[in-house]
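Chemist: Chain residues, written in single-letter form:
There are 2 protein chains.
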Amino acid sequence: MNKIEVCLSPELIHLHDLHGKIVVVVDIFRATSTMVTGLANKVTSITPVAGLEACRTMKSKGYIIAGERNGQTAEGFELGNSPLSYLNNGFEGKKIAVTTTNGTLTIEKSKATADEVLIGAFLNLQATATYLAQQNKDVVIHCAGWKGMFNLEDSLYAGALVSVLDGQFEYDCDGAIAMKALFEQHKDDLKGFLSQASHAKRLQNHNIEADIDFCLTMDEFNFIGKLQGEELVKVAL
Amino acid sequence: MNKIEVCLSPELIHLHDLHGKIVVVVDIFRATSTMVTGLANKVTSITPVAGLEACRTMKSKGYIIAGERNGQTAEGFELGNSPLSYLNNGFEGKKIAVTTTNGTLTIEKSKATADEVLIGAFLNLQATATYLAQQNKDVVIHCAGWKGMFNLEDSLYAGALVSVLDGQFEYDCDGAIAMKALFEQHKDDLKGFLSQASHAKRLQNHNIEADIDFCLTMDEFNFIGKLQGEELVKVAL
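Chains A and B, in that order, are what the protein sequence lines are.
As numbered in the working numbering, residues 67 to 303 make up the first sequence, in order.
As numbered in the working numbering, residues 67 to 303 make up the second sequence, in order.
Think of the hints as simulated: they come from the structure by calculation, not from any bench.
Hints should not be assumed to be uniformly reliable.
Copies of the same chain are indistinguishable here, so a pair counts whether it falls within one copy or spans any two.
To be verified - Here are the simulated DSS-like cross-link-like pairs (lysine-lysine), alpha carbons at most 27 Å apart as the crow flies:
1) Lys161 / Lys125
2) Lys267 / Lys69
3) Lys267 / Lys203
4) Lys213 / Lys177
5) Lys69 / Lys300
6) Lys69 / Lys160
7) Lys69 / Lys257
8) Lys177 / Lys267
9) Lys127 / Lys161
10) Lys292 / Lys108
11) Lys108 / Lys253
12) Lys203 / Lys213
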């Protein structure tokens, strides 16, 4: 049976051997939820870029540039980090370049050695689980956290994915055990539980309650988001 | 109101500012549980030493040397890392020098900048909480983990301490929220919940079930263990 591990912060990823494994990067509020929503709404591709400046230069190459730092749209960027911006196929056929505080760095740290990199969100939880169960590879769920710190929403997603895959993977990883238990305890009121969390409070301060609700919607989409070369693309099941 | 934070691994401690704060170092299986038990059983002091060689040289200075690596007594050491070794005042009046895989490194990383360093264990949970509530300082609970990784038993202790101190400290730290919820959910069967955990399994393989039971005993002792200079000593409440 293949193994599943949880890494609770990109500052701990060096403790995991990613060779030959599928890494699922998760930044629920909001990078990976937004990326999945963009792909669902027919953007051609999304290129994650770790740095603000590097991302800005992508504009001259024909990309729509999306940039967020500390929860807000970065200066000079056309888009911030809201999944709602992409609804109604608003950027159909466009190539997006995106940089965020935590999510894009986490993708960067994963792609160096992982066999495959997916982006995870509650929005396509079951689809991602179905894909993982069909491959014959070990899995690492890589939580973006907040500036290196553990965060609740990404960890709960990790617990959700371990929970959905229970019986199909084995795990000898305390992060997986803890987060599965925490998710199963709070899955019927994720929003209420998360309302205590530091990042949800930060987001509420920015008046993006609607983003939070959307990012906590389960199984809205039935495809996976996968890194191919430098680009995230939609892959149908 | 003072603040309480949880740091889930010594690999994340650089993200916390320890200046002016009390750090509670916890390595439930078994370093800090063993240290508390030694102090309860009248050892004079316990000097944590990060390295095996540095600890070995303490023998010639009159210390009893205790050394553990990967759960087993290190070669050439008089004691390993079992709390049961210290029962019945077996080392009364002795000075102990100790090195372990995770706990002593975590103490080392804490003492550089923290205002005070305590060692935490379920064995003196309430006493430690009582002491913390009487000081007017912020608190960081520093989990030793396992070789840098998150582990379940130390994180559950962190949750227990946050739970006991609820209402007396404020917390805006996702680690504190998550571990408090997890502890409160599983506090009536910590051993059952922990039996899934990777480190408990490792310990069971070493036939130290009795150590596990002892380390999960609540409030056996009513004092705190505190670092004074280079030595851990018993401080009565």
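Chemist: If a hint holds in the structure, say so; if it doesn't, say that too.
Modeler: Evaluation of the provided hints:
1. For the identical chains of this complex, lysine 161 and lysine 125 are intra-copy neighbours only, at 10 Å inside a copy versus 67 Å across copies, given an alpha-carbon limit of 27 Å.
2. When the C-alpha separation of lysine 267 and lysine 69 is checked against a cutoff of 27 Å, the pair qualifies only between copies, where the shortest distance is 17 Å, while the shortest distance within a copy is 34 Å.
3. In this assembly of identical chains, lysine 267 and lysine 203 lie within 27 Å of each other by CA distance solely across copies; the values are 24 Å between and 37 Å within a copy.
4. For a Cα distance limit of 27 Å, the shortest separation of lysine 213 from lysine 177 qualifies both inside one copy, at 19 Å, and across copies, at 24 Å.
5. Proximity of lysine 69 and lysine 300 under a CA criterion of 27 Å is satisfied intra-copy only: 25 Å inside one chain copy versus 44 Å between copies.
6. In the homo-oligomer, the alpha carbons of lysine 69 and lysine 160 never lie at most 27 Å apart, since the shortest distance is 37 Å inside one protomer and 46 Å across protomers.
7. Proximity of lysine 69 and lysine 257 under a CA criterion of 27 Å is satisfied inter-copy only: 24 Å between copies versus 29 Å inside one chain copy.
8. For the identical chains of this complex, lysine 177 and lysine 267 are neighbours neither inside a copy (31 Å) nor across copies (32 Å), given an alpha-carbon limit of 27 Å.
9. Within a single copy, lysine 127 and lysine 161 get their C-alpha atoms as close as 10 Å, which meets the 27 Å cut-off; across copies the closest is 69 Å, which misses it.
10. For a Cα distance limit of 27 Å, the shortest separation of lysine 292 from lysine 108 inside one copy, 14 Å, qualifies, whereas the shortest one across copies, 59 Å, does not.
11. Proximity of lysine 108 to lysine 253 under the C-alpha cut-off of 27 Å is found in neither arrangement, the shortest distances being 30 Å within a copy and 48 Å between copies.
12. When the C-alpha separation of lysine 203 and lysine 213 is checked against a cutoff of 27 Å, the pair qualifies only between copies, where the shortest distance is 25 Å, while the shortest distance within a copy is 29 Å.
In terms of the numbered hints stated before, the structure departs from hints 6, 8 and 11, listed from lowest to highest.
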